[in-house]
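Trainee: Let the hints inform the model, and build the full structure from the sequences given.
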Amino acid sequence: MRVTALFFALYRDLAGAAELDVDLEPGADAADLVRSLRERGGQWLRLPPAPAIAVNEEYLPLSVRLNEGDVVALIPPLSGG
Amino acid sequence: MRVTALFFALYRDLAGAAELDVDLEPGADAADLVRSLRERGGQWLRLPPAPAIAVNEEYLPLSVRLNEGDVVALIPPLSGG
Amino acid sequence: MDYIAVQAAPIDAGMLLGQLATAADGAVLLFCGIVRETNDGRPVAGLEYEAYAPMAEAVLREIASEARSRWETGAMAVVHRTGALDIGETSVAIAVASPHREAAYAASRYIIEELKRRVPVWKHEHYLD
Amino acid sequence: MDYIAVQAAPIDAGMLLGQLATAADGAVLLFCGIVRETNDGRPVAGLEYEAYAPMAEAVLREIASEARSRWETGAMAVVHRTGALDIGETSVAIAVASPHREAAYAASRYIIEELKRRVPVWKHEHYLD
Chain C
1 MRVTALFFAL YRDLAGAAEL DVDLEPGADA ADLVRSLRER GGQWLRLPPA PAIAVNEEYL
61 PLSVRLNEGD VVALIPPLSG G
Chain A
1 MRVTALFFAL YRDLAGAAEL DVDLEPGADA ADLVRSLRER GGQWLRLPPA PAIAVNEEYL
61 PLSVRLNEGD VVALIPPLSG G
Chain D
1 MDYIAVQAAP IDAGMLLGQL ATAADGAVLL FCGIVRETND GRPVAGLEYE AYAPMAEAVL
61 REIASEARSR WETGAMAVVH RTGALDIGET SVAIAVASPH REAAYAASRY IIEELKRRVP
121 VWKHEHYLD
Chain Y
1 MDYIAVQAAP IDAGMLLGQL ATAADGAVLL FCGIVRETND GRPVAGLEYE AYAPMAEAVL
61 REIASEARSR WETGAMAVVH RTGALDIGET SVAIAVASPH REAAYAASRY IIEELKRRVP
121 VWKHEHYLD
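Residue numbers (our numbering), protein chains in the order written: chain C, 1 to 81; chain A, 1 to 81; chain D, 1 to 129; chain Y, 1 to 129.
In case anyone wonders, no lab produced these hints; they're calculated from the structure. Computed from a predicted structure; not experimentally measured. Treat the hints with care, as some may be off.
Unchecked claim - Each pair of labels, with its calculated beta carbon distance range:
id : chain 1 : residue 1 : chain 2 : residue 2 : range
1  : C       : P77       : Y       : A53       : 16 to 22 Å
2  : D       : E66       : C       : P77       : 35 to 41 Å
3  : A       : P61       : C       : P77       : 20 to 26 Å
4  : D       : R61       : Y       : G46       : 48 to 54 Å
5  : Y       : D129      : D       : M1        : 44 to 50 Å
6  : D       : H100      : C       : R38       : 36 to 42 Å
To be verified - Okay, the calculated bits of chain Y under chain C, using three or more residues with CB under 8 Å as the criterion:
id : stretch
7  : 39 to 48
8  : 73 to 84
9  : 108 to 116
Just so you know, even glycine gets a beta-carbon here, dropped at the ideal spot from N, CA and C.
Mentor: This is the structure:
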């Protein structure tokens with residue numbers, strides 16, 4: 001299945017892109033997505049192993065099961081206000 | 001000696017005036033001023049025996065000694081804001 | 001440094017706000033007290049504020065100084081209306097600039113509570129019933 | 001009922017303020033966060049805010065609802081800037097109308113603290129040194 005990963009702020013800098021489509025095994029969870037990104041090596045290893053994530057604009061734990069077409073945002077430490 | 005008493009809000013209503021010059025014995029304190037006003041009887045008896053007062057725009061206790069020319073405001077319960 | 005006024009003219013809160021902050025400030029907090037349509041459950045037609053104006057300004061200035069001595073604040077503005085006000089009009093505005101929001105909230109709250117406790121102003125309500 | 005926006009356009013705080021209160025409200029509190037000339041002691045030239053805008057608006061809407069469920073509030077407005085801001089510009093404005101000032105202060109403070117904790121917005125500072 002395919003999901004879309006979104007990158008912001010320092011995660012976008014290390015990803016070199018604001019978004020990326022990623023193919024995962026059916027039944028994968030958000031932790032699997034992060035693992036598959038880090039396995040690309042290089043800059044990707046600077047991605048924390050357990051970043052905050054939002055699936056379809058809602059904060060969820062890394063254990064959430066993903067579905068085809070989900071939009072998964074990787075959320076760096078916030079600094080709004 | 002002569003002092004000026006100022007009346008606001010409900011005290012002005014019962015005094016029927018916004019200010020009044022009052023003659024007091026030398027050495028009188030603010031409590032003496034209030035007593036002399038209440039001794040006028042009638043509406044004046046509605047003045048509380050121990051109202052808050054300000055002398056020359058500063059809150060002071062009723063025991064403060066007054067001087068010739070002092071302006072003594074009798075301060076009803078506040079309701080600003 | 002502080003702008004203090006007890007005035008019959010309408011309060012222009014947006015103006016207060018715009019003039020307050022300097023480059024050192026990270027927060028501005030503006031409190032506006034507004035004439036409500038009810039008071040203690042009774043319908044209000046309008047009201048009038050009476051002030052012992054020179055003393056009211058002196059006490060407001062004192063309260064602002066106290067706030068500054070307790071919290072790190074920049075410029076402050078406190079304005080109280082007098083005379084007849086309609087429902088919806090601003091009776092009091094308190095604007096506080098500060099490097100930090102915690103100080104702005106604390107100082108603003110201190111000023112409105114002390115104002116109600118100490119500033120010689122009286123409200124006369126006109127009720128509809 | 002609530003006005004929520006994450007926008008590149010400058011924030012007109014006076015406008016927010018004027019449109020908020022109804023005849024039931026006795027208080028309006030407006031918080032403005034402002035770009036300071038220093039951050040952690042370093043001189044700032046300016047900064048940029050980046051937002052995950054649709055989610056940021058959804059979370060702000062949720063925070064406003066939470067505030068309303070805890071305190072008696074009227075209308076609320078929360079606006080966050082994105083893009084490049086100069087020193088002195090408003091990065092965030094939170095306006096809360098309420099029948100009572102206690103609720104306005106509590107809700108306003110809740111919203112700014114939760115915003116900083118939960119709303120997906122990132123600040124990029126440009127330093128002079």
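Trainee: The structure should be examined with respect to each hint, and the outcome stated for every one.
Mentor: Outcome of the hint check:
1. P77(C) x A53(Y): 16 to 22 Å: holds, 18 Å
2. E66(D) x P77(C): 35 to 41 Å: holds, 38 Å
3. P61(A) x P77(C): 20 to 26 Å: violated, 57 Å
4. R61(D) x G46(Y): 48 to 54 Å: violated, 36 Å
5. D129(Y) x M1(D): 44 to 50 Å: Given about 29 Å between the Cβ atoms, the range is violated.
6. H100(D) x R38(C): 36 to 42 Å: holds, 38 Å
7. 39 to 48: With 0 residues close enough to chain C, the hint is violated.
8. 73 to 84: Three-residue rule not met by the stretch 73 to 84 of chain Y, so violated; n is 1.
9. 108 to 116: Three-residue rule met by the stretch 108 to 116 of chain Y, so holds; n is 3.
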